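Participant: Respectively, the protein sequence lines represent chains A and B.
All residue numbers for the first sequence refer to the numbering used here, where the first residue is 38 and numbers rise by one.
All residue numbers for the second sequence refer to the numbering used here, where the first residue is 38 and numbers rise by one.
Accuracy of the hints is not assured; some may be wrong.
Said to hold, decoys possible - Here's a subset of chain A near chain B, in silico, CB distances under 8 Å, partners left out:
no. : residue
1   : Arg67
2   : Phe69
3   : Ser99
4   : Gly112
5   : Pro132
6   : Leu177
7   : Glu181
8   : Lys324
No wet-lab data here; the hints were simulated from the structure.
Computed from a prediction, not measured in an experiment: that's the story for all the values here.
Built from N, CA and C at the ideal position, the CB exists for glycine as well.
There are 2 protein chains.
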Amino acid sequence: MVIIGGGFGGVKAAARLRNSAADVTLIDKRNFHLFQPLTYQVATGALAPADVAYPLRAIFKSAPNVRVLLAEATGFDLDARQVTLTNTPGVSSSPMSVPYDTLIVAAGSSYSYFGHEEWRKFAWEVKTLESAVAVRSRILRAFERAEMAEDPAARAAEMTFVVVGGGPTGVEMAGQIGELAGDTLRQDFRVIDPRAARVVLVDALDRILQTFPPSLSAKATRSLDRLGVTTMTGQTVVGVDAESVTMRDSAGETQRIVTRTVVWAAGVTASNLGAKLGELSGADVDKAGRVTVERDLTLTGHPEVIVLGDMVRVRGKDGKPVTLPGVAPAAIQQGHYAGTLVRDRLQGRSTHPFHYRDKGNVATIGRGRAVVDLHVLRLSGLPAWLVWLFVHLWYLIGFQNRIVVIVRWSFSFFTHGRGARLIDDITVPPDEASGH
Amino acid sequence: MVIIGGGFGGVKAAARLRNSAADVTLIDKRNFHLFQPLTYQVATGALAPADVAYPLRAIFKSAPNVRVLLAEATGFDLDARQVTLTNTPGVSSSPMSVPYDTLIVAAGSSYSYFGHEEWRKFAWEVKTLESAVAVRSRILRAFERAEMAEDPAARAAEMTFVVVGGGPTGVEMAGQIGELAGDTLRQDFRVIDPRAARVVLVDALDRILQTFPPSLSAKATRSLDRLGVTTMTGQTVVGVDAESVTMRDSAGETQRIVTRTVVWAAGVTASNLGAKLGELSGADVDKAGRVTVERDLTLTGHPEVIVLGDMVRVRGKDGKPVTLPGVAPAAIQQGHYAGTLVRDRLQGRSTHPFHYRDKGNVATIGRGRAVVDLHVLRLSGLPAWLVWLFVHLWYLIGFQNRIVVIVRWSFSFFTHGRGARLIDDITVPPDEASGH
């Protein structure tokens, strides 16, 4: 069988099939599993890329029935039961096909730019490791440029940071930039005062953290404010270019913020493999590209194809498709379910429909501050932060990563420093590199 | 005063002037100090980039008299006492000048390709952080391609690794690739057996580690052999292309090794700022681009210009220029001397000529294996490795880095794993990035 995607869902499904009778091929275009809930910390230098990424081959090295393939899945032949691969550069020049008896597709999602793909060039996301590293360089470089700028307006533009999207990633990112400016970098410059940086969090809705109760949204807003982050709700972004972000409120008033650094954490679009599966099977595909799957996560008419994670909507008891939260626990539960389904089938057993257990929500705002909604219990401040810390360390793959992350976080907590704030996007062509 | 270069020499000089009456501007084109003796470990995934790099601003944040400037120095006006900067992309579009009363140039060196710049495209070095990360991806990708290759000859080519240069970096790099193939990755693949990889270390001279006594060279060769590394001495590289390395021995016989991965660790060429200073002052410049400086490291006729590190030759008592070893301790001693000289001048005191104290040599070959030559004492095996470990941790800047490196090394030592083996050179243009 074939699993597409080495994220939370795919890895969990493969792990569930470890040492089973199934012959598993796990396909991903990257050679590592990314711990996406902490990737934004790479974007502000709190963690290093290797701390939140773990080689897929290392996860399955003691599972002889799991084979990892570094390739990109681009399409399907559902009748012939084959996945088409376009290999990553250098691996092979011709497209390949991989046959399957059972297929699990867990290809995830990315950010959508509300139909404005041209904004992508100016508003960077922090979902992939590569983009998080790029954002890190961009943020740090903005301070470097501000330090050298002679014109006060140019300096102010460099020191303005806009984060679009008031979900957990946007809130965490804005909080981290606030901390970076107000705390980590405060002694680093001689001309500018990083504490003068302006950090703005923009959301189209009336409050941030919509999936949390309003009281926790209000607490998060206050915590952000203490970190120097201005929260602007009810503001729809209508324009992004190299020099500014333009927003419009419900009354139609527009407002323009001059900035050189925009981080994008709004909108979701499923992997285009979802739409392809919908087209081939006739299953519904929603506007965000999510394909509708049956209650056991299988594709309508194709019980041998399981699709999961934030690229699907799952049919409920009443047959209506439900969008589950696009968070790691949902993907993990579905991956676990998919693995169980395959195991049960191998043993001729039937499986109950998938049932999502919502264990709650957690978002961190800064050093020692977070909000946690466990439904029966709502926490904020330090207790919430400790829950956040524990949950994230618990799920981090790799014991070494856990220790290194504990070390880095302890240092940032006590010294207010960040170890990994490197500007390493210098793309010197090899033949121009010199010793200096 | 101005210091060019945030390497060992420049940072040590600036540190020596911390809280002095001097107003210091430290210029580097990167925002971090790189611990170059361990950069090769990044190239094999043993350490992450952030473990061996430390932000320059963080080093000097509590030194208000030290200002860091992210820019590239490209030339001098010795009469007007100005340094010309070409700023790194995005910082400023027009070149700037920075005036100095005293100038310290510590711009280092890079590898030379024996006059064959075209080899640089195929034979990558591991001296800069960016190139080490690129080599890491190349090595790991070679194994991935081998796993997918169907032709045995293509597979063998992918699994052949050639390291050119038998100095400490070449030896350490070859040993690390041997360990990666024979140990770390041994369970990771299903088609290939990484232990079948061929690792070849090539040197033109008659033995590796020329700066060590012959007995230690022999021990290192035996240790490499045990890691599966074939050492080929007396072989001059005469050709490198995308598919092979060609060598010629003293008898004129040529030999060609088919390989897709070549690491270059041979030849040295000083920063071109050395030649520029030579041209402007009339000081001698040798074939490797090193400018000759006086016994107090000053440029002939320009006592206000100090040049140091592996971009210079220093005049001895007899007036003849001497090439000091291009190692970190030499740069550190010269940086310390330069700082002292400036301090002494500020206080109207005279300074003794620079004197290099050779404390010995150390090179590691693999897990628990190294060679150490302390002149009074020669060590190999585990005792040497412990010395190597201690010396490198001791000099690593940043307490957090030390702890993280200890954690990573402990894990590799006991689990034979490597945490940071990410292939992260995927250059997906932002507008093509997708969620999968």
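Participant: Against chain B, is A/Gly112 within 8 Å by beta-carbon distance?
Facilitator: Where the cut-off is 8 Å and the nearest Cβ of chain B is about 12 Å from A/Gly112, the hint is violated.
Participant: A/Pro132 was flagged as interface toward chain B. Is the shortest Cβ-Cβ separation under 8 Å?
Facilitator: violated (12 Å)
Participant: Identify whether the interface hint at A/Phe69 stands, where standing means a beta carbon of chain B within less than 8 Å of its own.
Facilitator: holds (5 Å)
Participant: Less than 8 Å between beta-carbons is the criterion; does A/Ser99 satisfy it with respect to chain B?
Facilitator: Since the shortest Cβ distance to chain B is 7 Å, the answer is holds.
Participant: Quick check on the hint: A/Lys324 CB to chain B CB, less than 8 Å?
Facilitator: Nearest chain B Cβ about 15 Å off; hint violated.
Participant: Should the interface hint for A/Glu181 be scored as holding, given a Cβ-Cβ cut-off of 8 Å against chain B?
Facilitator: holds (4 Å)
Participant: Identify whether the interface hint at A/Arg67 stands, where standing means a beta carbon of chain B within less than 8 Å of its own.
Facilitator: holds (7 Å)
Participant: Can we keep the A/Leu177 interface hint, with Cβ of chain B closer than 8 Å?
Facilitator: holds (6 Å)
Hint compliance for this structure: hints 4, 5 and 8 are broken, all remaining hints hold.
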